[in-house]
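One line per chain: the protein sequences are U and H, in this order. Mapping of the first sequence onto the UniProt record's numbering: residues 1 to 317, in sequence order. Mapping of the second sequence onto the UniProt record's numbering: residues 1 to 317, in sequence order.
Treat each hint with caution, since some may be false.
Identical chains blur together in the list; that is why a pair holds if it fits in one copy or across any two.
[Claimed, not checked] Okay, derived cross-link-like pairs now, BS3-like style, lysine-lysine, Cα gap no bigger than 27 Å in a straight line:
1) 41 / 171
2) 81 / 249
3) 22 / 9
4) 231 / 41
5) 73 / 22
6) 274 / 292
7) 110 / 164
8) 301 / 231
9) 132 / 147
10) 9 / 147
11) 80 / 110
12) 132 / 73
13) 301 / 112
14) 22 / 41
15) 112 / 41
16) 81 / 266
17) 9 / 81
18) 147 / 112
Because the hints were derived from the structure by calculation, they are not lab data.
Number of protein chains: 2
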Amino acid sequence: MDFFEQTGKVAIGSRLRMLTDKVTEDAANIYQLYNIDMQPKWFPVFYSLSQGEEKTITELAKAIGHSHPSVSKIIGEMLKKGYVQESRDKADGRRNVVSLTDAGRQVAYKIKDQLIDVDAAIEELSAQTQNKLWEAIGEWEFLLEQKTLLRRVMEKKKERDSAKVEIVAYKPEYQEIFRALNVEWISTYFEMEESDYKALDNPQGYILDKGGHILVALYEGEPLGVCALIKMNDEEYDFELAKMAVSPKAQGKNIGFLLASAIVEKAKSLGAAKIYLESNTILKPAINLYHKLGFKKVAGKPTPYTRCNIQMELVIG
Amino acid sequence: MDFFEQTGKVAIGSRLRMLTDKVTEDAANIYQLYNIDMQPKWFPVFYSLSQGEEKTITELAKAIGHSHPSVSKIIGEMLKKGYVQESRDKADGRRNVVSLTDAGRQVAYKIKDQLIDVDAAIEELSAQTQNKLWEAIGEWEFLLEQKTLLRRVMEKKKERDSAKVEIVAYKPEYQEIFRALNVEWISTYFEMEESDYKALDNPQGYILDKGGHILVALYEGEPLGVCALIKMNDEEYDFELAKMAVSPKAQGKNIGFLLASAIVEKAKSLGAAKIYLESNTILKPAINLYHKLGFKKVAGKPTPYTRCNIQMELVIG
DNA sequence: TAAATTTGTGTAACTGATTACGTAATTAAT
DNA sequence: ATTAATTACGTAATCAGTTACACAAATTTA
Chain U
1 MDFFEQTGKV
11 AIGSRLRMLT
21 DKVTEDAANI
31 YQLYNIDMQP
41 KWFPVFYSLS
51 QGEEKTITEL
61 AKAIGHSHPS
71 VSKIIGEMLK
81 KGYVQESRDK
91 ADGRRNVVSL
101 TDAGRQVAYK
111 IKDQLIDVDA
121 AIEELSAQTQ
131 NKLWEAIGEW
141 EFLLEQKTLL
151 RRVMEKKKER
161 DSAKVEIVAY
171 KPEYQEIFRA
181 LNVEWISTYF
191 EMEESDYKAL
201 DNPQGYILDK
211 GGHILVALYE
221 GEPLGVCALI
231 KMNDEEYDFE
241 LAKMAVSPKA
251 QGKNIGFLLA
261 SAIVEKAKSL
271 GAAKIYLESN
281 TILKPAINLY
291 HKLGFKKVAG
301 KPTPYTRCNI
311 QMELVIG
Chain H
1 MDFFEQTGKV
11 AIGSRLRMLT
21 DKVTEDAANI
31 YQLYNIDMQP
41 KWFPVFYSLS
51 QGEEKTITEL
61 AKAIGHSHPS
71 VSKIIGEMLK
81 KGYVQESRDK
91 ADGRRNVVSL
101 TDAGRQVAYK
111 IKDQLIDVDA
121 AIEELSAQTQ
131 NKLWEAIGEW
141 EFLLEQKTLL
151 RRVMEKKKER
161 DSAKVEIVAY
171 KPEYQEIFRA
181 LNVEWISTYF
191 EMEESDYKAL
201 DNPQGYILDK
211 GGHILVALYE
221 GEPLGVCALI
231 KMNDEEYDFE
241 LAKMAVSPKA
251 QGKNIGFLLA
261 SAIVEKAKSL
271 GAAKIYLESN
281 TILKPAINLY
291 HKLGFKKVAG
301 KPTPYTRCNI
311 QMELVIG
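Use the sequences and the hints to build the structure in full.
See below:
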């Protein structure tokens, strides 16, 4: 299919499905060629039964990697053909123990030649290929087992998004956005408080002039996140991480992490030994983020904010 | 799946299906990750429309390799979402011309990042494999296009069957089977005739003693096919190929071909220049076989058999 | 130009799987 | 000894595709 060369590998699912169809297409005819009265979809169940002794529905399902209803249905069909027999386990009345009948075993014998020929045909086909499909499938199964495609894509997305994010120092032109982003989340979850207005209306005087810093995250040039590092008059803590806000429309772009990391780096470069922050446990993503950065829960600090129900600190190593 | 390592490659269809499922599984979540309101199964149609201009249902189906009802249904669903619009072709009232709406084009734009990330994720995954799945699929598509799996299996079956066939010279103990196999087919299609009895009841006197030969095909030691090379008193022909019979239960095992080839070889080794045969056109497989061996239709020879309606000869080169 | 064939499309039924759910039997926990 | 949780498995609904069929429009043939 030329189509797939255009789409790129995104379409690997579709392409796999079509190859599967093509390979499967002939299966029924191949059974006919050998005069074997069997449906292709029975094969895994049939094969599994022909190997060991009797098995239960669930055991079969696990062995061949199908769901149990699928096996249940297949067994029902094979039962009609007289290839298998069911019997209830005496020790455990739930279990349906299935085994091949004589007729089934006869088919198992007859099918051997077919298996040999199909195997040989595929082997010969494979010999003409540079890339071994069978082995490639095995490798994919293994790698997807370790990490799903979704996870892999998420990582790529994060990488790409991060590359678009630039963290810059505060300039007066960002005062507007610094205020707006913070007002947005505070008033969504809580009420604006006296201390909020002080800092947001006058970051220059309230934060920067007192030895603090503000960083702004630009996503493709647009300011979508802010965070402040406020100088504390405290014997224990040097700075407070505060007024962190990321635009809802930039969620999932890793901006929060990059911003907070940059703030921590900033503190480190200023020789800070301990950073403090206040938050609220209903802000789960934020708390998770702080955790990821190494912040630990502490208690007992007095705070001007009523919304604060958790306090954390980061010891800079 | 360990299971597949046991079954051998016969189960490649099943195994492919399961990998397809696993790869496809995450697709819906990936769209969600990018806030794209689209079903994975729409992708091929969507992509195809996003590339060129408007297309008809059948054009789309051909482009992406689906059946047209499948495309028809998908377009119906995308229509509801407002991603596409339909319009009847004025020049050809049967054609349903489909194109992306503005909303659709917007999604096409939004989806670009996703395509990049998925491609990168798969590329990275592939880099960890020895055998390239994408390329392997391409090679299989190409090879199956040239010759289906069924054909390949048929060839392997023929090879294996042929290896089990042994062609041996006539011995008196084969007289019974020589007679029985011939009576079987003759009386199925025609009536036994005077000349038949002469040859079948006394092959020694009627065929062998007059300088003819009989070959017997053994399939796993069991005599299942016979053929005679009868010396002719004729200025043109040296021998007649006759009394060829293969047991119905050995059909499809290539016995006829091996037997007739051996007879021709025999004639050649005896220095024959031309072989003659008589048959009937209702025996299609036999006529095909003679054709394959190089026999050509001739006419005008007198014959004792009423069932003969075709005469053929082979010029030995 | 009428009749036969081909083409484009939609609808219905089927297929081989799945997930969702219900129920009975067993096992674990209090 | 109940009660709760787990397990085995069957039935029903769903899913993403297919083939089969019907029908109208266009094209080819006689």
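Results for each hint:
1. Taking the closest pair of Cα atoms, residue 41 and residue 171 never come within 27 Å of each other, the shortest separation being 68 Å inside a single copy and 48 Å across copies.
2. Proximity of residue 81 to residue 249 under the C-alpha cut-off of 27 Å is restricted to the inter-copy arrangement: shortest distance 23 Å between copies versus 60 Å within a copy.
3. Within a single copy, residue 22 and residue 9 get their C-alpha atoms as close as 19 Å, and across copies as close as 15 Å, so both meet the 27 Å cut-off.
4. Proximity of residue 231 and residue 41 under a CA criterion of 27 Å is satisfied in neither setting, with 70 Å inside one chain copy and 55 Å between copies.
5. For the identical chains of this complex, residue 73 and residue 22 are neighbours both inside a copy (24 Å) and across copies (22 Å), given an alpha-carbon limit of 27 Å.
6. Proximity of residue 274 and residue 292 under a CA criterion of 27 Å is satisfied intra-copy only: 16 Å inside one chain copy versus 92 Å between copies.
7. Proximity of residue 110 and residue 164 under a CA criterion of 27 Å is satisfied inter-copy only: 16 Å between copies versus 63 Å inside one chain copy.
8. In this assembly of identical chains, the alpha carbons of residue 301 and residue 231 lie at most 27 Å apart only when taken from the same copy (16 Å versus 118 Å across copies).
9. For the identical chains of this complex, residue 132 and residue 147 are neighbours both inside a copy (22 Å) and across copies (18 Å), given an alpha-carbon limit of 27 Å.
10. Both within a single protomer and between protomers do residue 9 and residue 147 lie at most 27 Å apart by alpha-carbon distance, with minima of 18 Å and 26 Å respectively.
11. Taking identical chains as interchangeable, the C-alpha atoms of residue 80 and residue 110 lie at most 27 Å apart only when both belong to the same chain, with a minimum of 19 Å there against 52 Å between chains.
12. When the C-alpha separation of residue 132 and residue 73 is checked against a cutoff of 27 Å, the pair qualifies neither within a copy, at 34 Å, nor between copies, at 36 Å.
13. For the identical chains of this complex, residue 301 and residue 112 are neighbours neither inside a copy (78 Å) nor across copies (49 Å), given an alpha-carbon limit of 27 Å.
14. Taking identical chains as interchangeable, the C-alpha atoms of residue 22 and residue 41 lie at most 27 Å apart whether they share a chain (15 Å) or sit on different chains (19 Å).
15. In the homo-oligomer, the alpha carbons of residue 112 and residue 41 lie at most 27 Å apart inside one protomer (17 Å), although the nearest pairing across protomers, at 38 Å, exceeds that limit.
16. For the identical chains of this complex, residue 81 and residue 266 are neighbours neither inside a copy (75 Å) nor across copies (48 Å), given an alpha-carbon limit of 27 Å.
17. With identical chains, the CA atoms of residue 9 and residue 81 are at most 27 Å apart between copies only, with a shortest distance of 26 Å across copies and 43 Å within one.
18. For the identical chains of this complex, residue 147 and residue 112 are inter-copy neighbours only, at 23 Å across copies versus 37 Å inside a copy, given an alpha-carbon limit of 27 Å.
Checked against the numbered hints given earlier, the structure breaks hints 1, 4, 12, 13, 16 and satisfies all the rest.
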